[in-house]
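Okay, here's what each chain looks like letter by letter:
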Amino acid sequence: MKPDTARRILACHVDDPKGDAPHVMQNALKVLAKSPDLQADYEKQSLIDSRLRAAFKDAEVPDEALNRFATEVAAIPTRHFNPRDPAIISVIIGFVLLVFVLTWDFLGRPASFPPDGLEIAEAILNAENSAFQQVSVPVEELEDWFVLKGFDGFRTPGFLRGGKVDSAGVLEFEKQPLAVVGLPDLKAQLAVFNAAQWNIVMPEGEWRTAPIDSEYAVALSREKEMCFLVVFQGKEAGVRALVKGGPR
Amino acid sequence: MMHLPKEWRFLRSGWIYAYVLAGQESAASGMVSKALQEVAKRNDLVSSRRRRRLFFAMLFREGQKIPPQSLDAESKNLPLARLHRLQEPGRSALALLHLRLFDPDQIAVIIGKTEKELPAILTAAREEFSKIETAMP
Chain A
14 MKPDTARRIL ACHVDDPKGD APHVMQNALK VLAKSPDLQA DYEKQSLIDS
64 RLRAAFKDAE VPDEALNRFA TEVAAIPTRH FNPRDPAIIS VIIGFVLLVF
114 VLTWDFLGRP ASFPPDGLEI AEAILNAENS AFQQVSVPVE ELEDWFVLKG
164 FDGFRTPGFL RGGKVDSAGV LEFEKQPLAV VGLPDLKAQL AVFNAAQWNI
214 VMPEGEWRTA PIDSEYAVAL SREKEMCFLV VFQGKEAGVR ALVKGGPR
Chain B
179 MMHLPKEWRF LRSGWIYAYV LAGQESAASG MVSKALQEVA KRNDLVSSRR
229 RRRLFFAMLF REGQKIPPQS LDAESKNLPL ARLHRLQEPG RSALALLHLR
279 LFDPDQIAVI IGKTEKELPA ILTAAREEFS KIETAMP
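As they're listed, the protein sequences go chains A and B. First residue of the first sequence? That's 14 in this note's numbering, and the numbers climb one at a time after it. First residue of the second sequence? That's 179 in this note's numbering, and the numbers climb one at a time after it.
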């Protein structure tokens with residue numbers, strides 16, 4: 014520590030006979046021991062401080078003044094909840110906003126279309142034609158066909174029963190099999206796959222829809238461990254009507 | 179005699195400081211009461227340390243408006259009254275340092291100076307006090 018620094022620290026210090034000197038003060042006192050000039054100045058300061066200390070110690074506050082202050086302190090009203098207090102208003106607004114945001118997030122998240130479903134739909138749209146074979150059986154009879162191809166658990170959603178199928182195939186996307194059939198009358202493709210392999214969390218039996226681009230829309234549903242995904246050539250409203258069994 | 183609640187015990191030190199500023203006992207009591215009323219009105223002072231610092235800053239502000247008073251020779255606090263003769267901000271810096279309620283950085287805030295300026299202010303105030311003591315034994 015430099016002598017100038019020690020001088021500044023010592024100037025802001027008052028000796029306390031009852032207390033220990035803080036660490037920084039102890040360092041300043043070490044510097045003081047090596048500097049006669051500083052020592053002389055500090056002795057002078059200590060003499061003045063000792064007289065001041067005595068003056069403050071002997072100071073007498075009139076009893077009437079202390080009584081007056083005690084009465085005034087006792088008259089200070091206890092703080093009560095005041096809804097007009099700006100601090101309280103700010104807290105209330107903040108709390109309401111927090112509840113609104115959390116509710117928005119809580120209600121909005123489950124209703125959103127699972128991102129994995131969109132990725133699967135895009136994979137189906139980008140699949141090569143060679144991945145499909147021509148078939149001419151009703152859609153509900155395709156289960157055996159898919160078993161022979163190595164895909165178990167193919168099922169058909171109720172609204173597609175009796176529909177005409179023109180092609181079928183087992184695609185592989187991210188090493189997971191997807192059973193896909195073409196539905197020419199509906200301008201759609203149906204994909205069936207195991208939900209466990211994907212991050213698709215939604216209530217069973219509920220259909221969710223989303224647009225893919227300007228030409229295609231997609232609908233997704235879950236039934237036990239299997240998912241149904243319908244890629245529809247048209248707008249989102251069209252695929253929504255389709256899964257609800259509306260006009261085809 | 180009524181007792182002050184713990185969080186308001188600094189009012190005693192506040193009166194001593196006000197006396198140093200005002201040089202008269204009655205004026206000191208008036209200054210403390212006024213500052214007390216102002217601090218009590220504030221709803222934003224949650225911590226007692228902040229309230230205490232604001233209280234002393236208010237006293238300092240009020241003290242600037244009071245011209246030097248002639249000393250009451252019969253006052254029991256005559257040694258303290260000598261401090262009243264000092265120039266500001268040294269007077270307040272020295273009084274607050276000896277009241278031991280605040281660290282030097284807080285004292286600098288109360289008197290509106292920087293912590294770097296405080297050592298020189300205190301040194302000058304001590305020298306001035308020493309001269310006044312010599313002139314008014």
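Please keep in mind that the hints were generated in silico from the structure rather than gathered at the bench. It is possible that part of the hints are untrue.
List time: in silico DSSO-like cross-link candidates among lysine-lysine, alpha-carbon distance up to 27 Å [claimed, not checked]: (1) A:Lys70 <-> A:Lys162; (2) A:Lys177 <-> B:Lys212; (3) A:Lys15 <-> B:Lys291; (4) A:Lys70 <-> B:Lys219; (5) A:Lys57 <-> B:Lys291; (6) B:Lys184 <-> B:Lys219.
Derived coverage of chain B by chain A (criterion: at least 3 residues anywhere in the stretch with Cβ under 8 Å from a Cβ of chain A; other residues may be distant) [unchecked claim]: (7) 182-196; (8) 225-238; (9) 262-269; (10) 274-281.
Every residue gets a Cβ at the ideal spot worked out from N, C-alpha and C, and that includes glycine.
Results of checking the hints against the structure:
1. A:Lys70 <-> A:Lys162: Given pair Lys70 of chain A, Lys162 of chain A is violated - Cα atoms ~100 Å apart, limit 27 Å.
2. A:Lys177 <-> B:Lys212: It is violated: about 92 Å lies between the C-alpha atoms, which goes past 27 Å.
3. A:Lys15 <-> B:Lys291: Satisfied, since the Cα-Cα distance of roughly 23 Å is no more than 27 Å.
4. A:Lys70 <-> B:Lys219: Violated: Lys70 of chain A and Lys219 of chain B sit about 31 Å apart, past 27 Å.
5. A:Lys57 <-> B:Lys291: Distance of about 25 Å is within 27 Å: holds.
6. B:Lys184 <-> B:Lys219: 19 Å, holds
7. 182-196: Contact hint for the stretch 182-196 of chain B vs chain A: holds, 7 residues under 8 Å.
8. 225-238: Coverage by chain A is violated here, the residue count being 0 at a Cβ distance below 8 Å.
9. 262-269: This one is violated; 0 residues, fewer than the three required, reach chain A with a Cβ under 8 Å.
10. 274-281: Satisfied; 4 residues make the cut.
Violated hints, listed in ascending order, are 1, 2, 4, 8 and 9; each of the other numbered hints is respected by the structure.
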